[in-house]
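Chains as they are written, first to last, in the numbering used here: chain A, 1 to 539; chain B, 1001 to 1539.
No incorrect hints appear here.
Here are the simulated lysine-lysine pairs, DSS-like style, with alpha carbons at most 25 Å apart:
#  : chain 1 : residue 1 : chain 2 : residue 2
1  : B       : 1387      : A       : 510
2  : A       : 55        : B       : 1523
3  : A       : 248       : A       : 31
4  : A       : 168       : A       : 133
5  : A       : 459       : B       : 1387
6  : B       : 1055      : A       : 523
7  : B       : 1459      : A       : 387
8  : A       : 523       : B       : 1510
9  : B       : 1482      : A       : 55
10 : A       : 387       : B       : 1510
11 : B       : 1055      : A       : 475
12 : A       : 55        : B       : 1475
13 : A       : 510       : B       : 1055
14 : A       : 482       : B       : 1055
15 : A       : 523       : A       : 189
16 : B       : 1387      : B       : 1284
17 : A       : 248       : A       : 168
18 : B       : 1133      : B       : 1024
19 : A       : 185       : A       : 154
20 : A       : 191       : A       : 523
21 : A       : 510       : B       : 1284
22 : A       : 185       : B       : 1055
Treat the hints as calculated values from the structure; they're not laboratory data.
Note that the coordinates shown come from a computational prediction; the quantities given were computed from them, not determined experimentally.
This is what each chain is made of:
Number of protein chains: 2
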Amino acid sequence: MKIALAQINPTIGFFEQNQSKILKMINQAKKQACDLVIFSEMVLTGYPPRDVLEKQEFIDSQPLMSLIQNVHGIGVICGYVESSGDHLFNSAVLFENGQMIHKSRKQLLPVYDVFDEQRYFQPGDTNDIIAYKGHQLGLTICEDIWNDMDFFGKRIYQADPVKELIQKGADFMINISASPFHLGKGVLKMKMIQSLSQKYAVPFVYVNQVGGNDSLIFDGSSVVIDQAGNIVAQARDFEEDFITYDTKTNQGVCHPISDCDEETVLKALVLGTRDYVHKCGFQKAIIGLSGGIDSALTTAIAVKALGKRNVRTVYMPSLYTSSENDIDTKQLAENLGVDREIVPIDMMFDQFLQNLPNDFNRDNHGLAEQNLQARIRGTILMAFSNKYNALVLTTGNKSELAVGYCTLYGDMNGALAVISDLPKTMVYAISRYINKDQEIIPQSIIEKAPSAELKPDQKDQDDLPEYERLDIILKAYIEDHKSIDQIVEMGFNQSLVLDIIQRIYRNEYKRQQAPPGLKVTSKAFGYGRRYPIAHQSIL
Amino acid sequence: MKIALAQINPTIGFFEQNQSKILKMINQAKKQACDLVIFSEMVLTGYPPRDVLEKQEFIDSQPLMSLIQNVHGIGVICGYVESSGDHLFNSAVLFENGQMIHKSRKQLLPVYDVFDEQRYFQPGDTNDIIAYKGHQLGLTICEDIWNDMDFFGKRIYQADPVKELIQKGADFMINISASPFHLGKGVLKMKMIQSLSQKYAVPFVYVNQVGGNDSLIFDGSSVVIDQAGNIVAQARDFEEDFITYDTKTNQGVCHPISDCDEETVLKALVLGTRDYVHKCGFQKAIIGLSGGIDSALTTAIAVKALGKRNVRTVYMPSLYTSSENDIDTKQLAENLGVDREIVPIDMMFDQFLQNLPNDFNRDNHGLAEQNLQARIRGTILMAFSNKYNALVLTTGNKSELAVGYCTLYGDMNGALAVISDLPKTMVYAISRYINKDQEIIPQSIIEKAPSAELKPDQKDQDDLPEYERLDIILKAYIEDHKSIDQIVEMGFNQSLVLDIIQRIYRNEYKRQQAPPGLKVTSKAFGYGRRYPIAHQSIL
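In isolation and in its complexed conformation, chain A is listed as follows (with noise of 0.2 Å):
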């Protein structure tokens, strides 16, 4: 048996291109003689659709019946939505020549960090094997295969539709997918198939969403996986991709993915800028550029995602800003191809300070009098996109985002947050990836001590310590889930450990009114992370 795993990058509720995305690579398929082509968990409808679910219409626009009656002469698998009675079901169907075959659905449904299945979805029953070409086929979908006791060591759910699938003789198990991308999932997902493969002696494939919608980006990576755990088919990352296996060769064809930390998560955050401008129906984008790292990363990003021809960046100098930033912006500008318009904001900062209260001046370097300031930039970079009709990419980054070293409605303004998922430490470390071969990034914007350049001789560590230490504490707590005593056992001061997780709680505020931030870690601020407001810090 011929299999052809389709990797394609669906827009949610774009019922229209997905369908013909879908029927390409039906078509290539053909094309190659396959007996069977795999597509993605909910690939009608895109992945996650959230709460469009509740509209009966978005559920009766999947052009599933017109897909089962159109395509002849090769089985088709794909996931989609499934209406059943007052409930709907996340489910995978096998159609071939205008007969749906066989439906699996999805048993586990996640609910934890950014998953909401049990909001929409009800569980499915145990699932039947599917006797096709001479196969057992077991049919799961995501979170299906994400339960295995040798493992995980535990369990989430009580079921295990690998295992039953397996005691009821599927001797070729196909997973189906929509898994986010976070870094170090890609490497822990191989291992647990690889690991189910040996332990039940059966091929597995994998067939993955690509693309990035909102915060999320799927990675693609679709692989198949011999029963000895042996790679032997490979998609692409973070691209459309298209590949076959032959089960009776046990031959595929791979193609390279990133095996680099740095190189992962900068697709990753092309192809989500991307995703998300494109898939907002723009083309370009507005950044502010102040001279620091945190803005060379984005535009760098934003030029390899849109083009530099859709890139426009605006220095907004003020009395505070040195003048190396001047040169330095410009440098990357130069080195990015990209237009960089400059409008200092001293004479809009004076007439705000003109017509406020006398409580304000200039000589105050109090916190409103600096948020003023970031507010204006913000309030330029908004008039921008409104004109030029760009979205805003902010670039604040993960440890100011936790501690609240940000400006809402300042810096903090835009429509999507680029690298607000990266820690300090990893903006330099991508940074320093992106130069690898030659300095995009002036050197002179990497090696700058940060600043907000908000009041005079301002350093972000008068008030945060160093980056390298913040940003361990901060992943620790954020990620890790280590209590207050376990990350003073790792060597910190007390003190400083909970004026740092006070600060996360404090500044809950900012971040729930921040655009959507591209998700490359384990856990994201954003709707995985859900925080009250109002109530008292647990210190």
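Given the coordinates of chain A, work out where chain B should sit on it, guided by the hints.
Only chain B this time, still in chain A's reference frame:
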């Protein structure tokens, strides 16, 4: 048996204060010779703590053991978070004289609208009845009683905890809740409990949380309904209360609650505003006054919530501002006894236009120029906020927010959106209600045609249908989940309906960056309505 219903307003994670409120009401119950005092769901932590539940320190901080060990001479029922093995349960405990006598676990865990309970909790298995002071008590938690086939005509969940307890011999039902308010829910809830009382011929004691937590408002309105369906004890709505009921005499204390929608919504918004500001650690609020009805109503609510000395208003006229707005806002401020600062924005507007590229100019009246004015105002309000340690309250209503008739980082700036779940028609109704005894909101504000005043002679109805029609369509689509066809059948032009629904989808990006808004309808924007931004609308 004499029972006390203890309706307190807990703050999430403020264990010390919650405990002291609990102890105070326990003592009050003892003084009144009660046998049993009943508190609401998760009263130790406050509801909903959301992802803070993932922190073990939070779970461990609950003062349950301290309460159990220190309270003597009375039975106490209270809700808490039970940690057992790897799982959490939303549980209720009955303790007396140092002993835990009984524990019930919540069986039905809602995951619709604002609820995420399956994200955190495991459902409990069937619960036992409690033999206590000659009664057989059936103890349930919130959602457990919302699944009666006879009353609703359908079931969300398979289990029916009420029926189970009755079958086990319960002769007295207790439900502890943290049930968020929305208009119409109170009446539905009373009917449902009355129906259960009558169906099973048992009395029902219902103790509900009171208070605001971010966008959710809990109305209290705890009640005892006897087996004939009569209300025999009633606690106040929207404030803390303590009432008693005697099973022997079937007599209880009845406090008045509102039966008028306008009064109910007003009480809800006042409580929600007060609690948000105070629970965030603030006392003061800033509101931008335009001369329109939205900002007038918001200010009136803020004054009721915080006191006139804690409310400061800012009037920010431009060239496009009608002169009567000066008179009207002055009168409003006088009527309410609040300060009114005047900060004209024209000089700042001019300064921006001078510093921006030539594409920007005053005579353009384009979206960029219009939004620029709103953002200057938003920046001024935030400057006041930062300088005077006061939260900005935003003034946008639900109709505007639905169709995007508002400026992100402009009039949407603020910590809390007080009336963002009020359709414009309801804004008028509440405003007239506030004026019922004397003119608080000047009649001219109520009568003038709504306008954003961002360009000459602009009126809302240039861009939008009349609010009377718009609000019907919005409610049908957002709250009542009607299809496009169904709305057209209600008598609206199809192109109008499509245009409005497309606007709803297109403006999702603004709402995702909006501040929390107080929920008063069955479907508010916010985390109870989760939509993707980058997607193709279903139209």
